[in-house]
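Peer 1: For reference, the chains in residue letters:
Protein chains: 2
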Amino acid sequence: MNRLCVHTITTKPWSIEEAAENFAKAGVSGITVWRDALDGRNVQQTGEMLRQHQLEIVSLCRGGFFPSTSAKKREEAIVDNKKAIDTAAALGAPMVVLVCGADPGQPLSTSRKQIQEGIEKLLPHAEANNVKLTIEPLHPMYADTRSAINTLAQANDMAESISSKWVGIAVDVYHLWWDDLLQSEIMRCGRNDNLYAFHICDWKSPTEDMLLDRGLMGEGCINVPEIRGWVEEAGFEGQIEVEIFSNRYWEMDQHQFLDQIIKAYQNHS
Amino acid sequence: MNRLCVHTITTKPWSIEEAAENFAKAGVSGITVWRDALDGRNVQQTGEMLRQHQLEIVSLCRGGFFPSTSAKKREEAIVDNKKAIDTAAALGAPMVVLVCGADPGQPLSTSRKQIQEGIEKLLPHAEANNVKLTIEPLHPMYADTRSAINTLAQANDMAESISSKWVGIAVDVYHLWWDDLLQSEIMRCGRNDNLYAFHICDWKSPTEDMLLDRGLMGEGCINVPEIRGWVEEAGFEGQIEVEIFSNRYWEMDQHQFLDQIIKAYQNHS
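If you read the protein sequences in the order shown, they are chains A and B.
Under numbering that gives the first Met the number 0, the residues of the first sequence are numbered 0 to 268, in order.
Under numbering that gives the first Met the number 0, the residues of the second sequence are numbered 0 to 268, in order.
The reader is advised that the hints may include incorrect statements.
No copy is singled out in the list; a pair is fine if it fits within one copy or between any two copies.
Here are the computed lysine-lysine pairs in the DSSO-like style, where the Cα-Cα straight-line distance is at most 27 Å [to be verified]:
#1 Lys-71 - Lys-203
#2 Lys-72 - Lys-203
#3 Lys-203 - Lys-112
#4 Lys-203 - Lys-164
#5 Lys-120 - Lys-71
#6 Lys-262 - Lys-24
#7 Lys-82 - Lys-72
#8 Lys-262 - Lys-82
#9 Lys-82 - Lys-71
#10 Lys-71 - Lys-112
#11 Lys-120 - Lys-82
The hints are simulated quantities; they were obtained by calculation from the structure and are not laboratory data.
Please read all numbers here as calculations on a predicted model, not as lab measurements.
Next up, chain A with everything else stripped away, as it sits in the complex (with noise of 0.2 Å):
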């Protein structure tokens, strides 16, 4: 238990101080935050709230969304994405997650070449605060609107062509179980220390919503243990973040769900 963070997003009915409260009793030990939990709080005082109850914060979710074919927008999001640095540093997180975004007017390529810009451009302000930037690959079926950045193959050749102490990888396993260089690239990736974060959830047969049907570990087809296992041969000793968009569990009594996730994380992960 010592090991396991849950992400706001995971139980998003409930308010950041209700979740803080609730993985505390249940012995949950880190927290993920997810900007909108924030949305009319003091981040200092919230930030300080999660330490209070022995949540070790583990990641603010999320930055990213570099690509647009319109450099106006590009500039946007450099702005948003320092914005996301000075909430985590305010916030006391370590890292920025990227979703790191597509535009479909361009190629992958281009949208690429977009985020590895964005991303070096936001490294002095990334140093100042303190906070890593963490390139999360995501499944291709996100190809299009969600990130350039599918395997995480890619996810590493960007990451050593930047080549900073500030810039790392996320694994999720429900971007990445299906790739068959998965493990090869885990182990490249611990090799080149850019392993930040280990994300998990289950891949659910059939899976009824493209982004809102995530099954808890064990409900599908993904085999957790096993890439936790590589993960952490690979070097990781990092919290093991549960990460599940569901309308399905949403729409539970949370207290319940939370107890799922506990069984799942000791039984499939």
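Dock chain B against chain A, hints included.
Peer 2: Frame of chain A; chain B shown alone:
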């Protein structure tokens, strides 16, 4: 127009007789027949009917679904694939397209082994009937149940490992457009004489259904002309097959839809 093939499922509301008549009138030159379109018909006579309409029969869709945790089901799949080969031979189709299958209850690597074993078992029957078997790599969002072969690299590996002129590959832009290795893998596929079929449509943003919301060429984010260019550079000279599953288009008047297909083929492929 002398390279435009349309799949029977693309205009699903039409019977194969209606499709043949309307495709021929519109100047379409090829047809790929889905097995359900043959239900209740004499297959040989249907093949003759298609040829009388001057339609080239490009493929029969579909065989495959080899993997299962149950040995009995794997045997049943072989029986069913032999039937598909018989049907293709009776129809006069030179190949059966394989949606290779996957079983969420076992690792993808196991499913891939079972796919290769299944194809190898079919080889004598394929050769005896002069029918080729065409591996179609499917998008990673179908890796749980529809196919454990999710990249052209994997399909190339398998076709080269089987190494028979009775086994090749179908490149479908919908499944493969996101892959940054696509161009080089298409060249590899052509170099090894494994490029047997080319399927087109588009990826809509947003895509509202994981299966039944494909777009017409030009309607989404896939650069179909660029991929077609690679396929032709790799030596492919066959029919360009329009394969669209779409609740939205199936609800339309199919004559209007066929007009749109032809325009999209002429302007965006």
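Peer 1: Run every hint past the structure and note whether it holds.
Peer 2: Results of checking the hints against the structure:
no.: 1; hint: Lys-71 - Lys-203; verdict: between (39 Å within a copy, 25 Å between copies)
no.: 2; hint: Lys-72 - Lys-203; verdict: between (35 Å within a copy, 22 Å between copies)
no.: 3; hint: Lys-203 - Lys-112; verdict: between (33 Å within a copy, 23 Å between copies)
no.: 4; hint: Lys-203 - Lys-164; verdict: neither (35 Å within a copy, 37 Å between copies)
no.: 5; hint: Lys-120 - Lys-71; verdict: within (15 Å within a copy, 58 Å between copies)
no.: 6; hint: Lys-262 - Lys-24; verdict: within (15 Å within a copy, 62 Å between copies)
no.: 7; hint: Lys-82 - Lys-72; verdict: within (15 Å within a copy, 55 Å between copies)
no.: 8; hint: Lys-262 - Lys-82; verdict: neither (36 Å within a copy, 46 Å between copies)
no.: 9; hint: Lys-82 - Lys-71; verdict: within (17 Å within a copy, 58 Å between copies)
no.: 10; hint: Lys-71 - Lys-112; verdict: within (16 Å within a copy, 50 Å between copies)
no.: 11; hint: Lys-120 - Lys-82; verdict: within (14 Å within a copy, 59 Å between copies)
Of the hints listed earlier, those the structure fails to meet are numbers 4, 8, in rising order.
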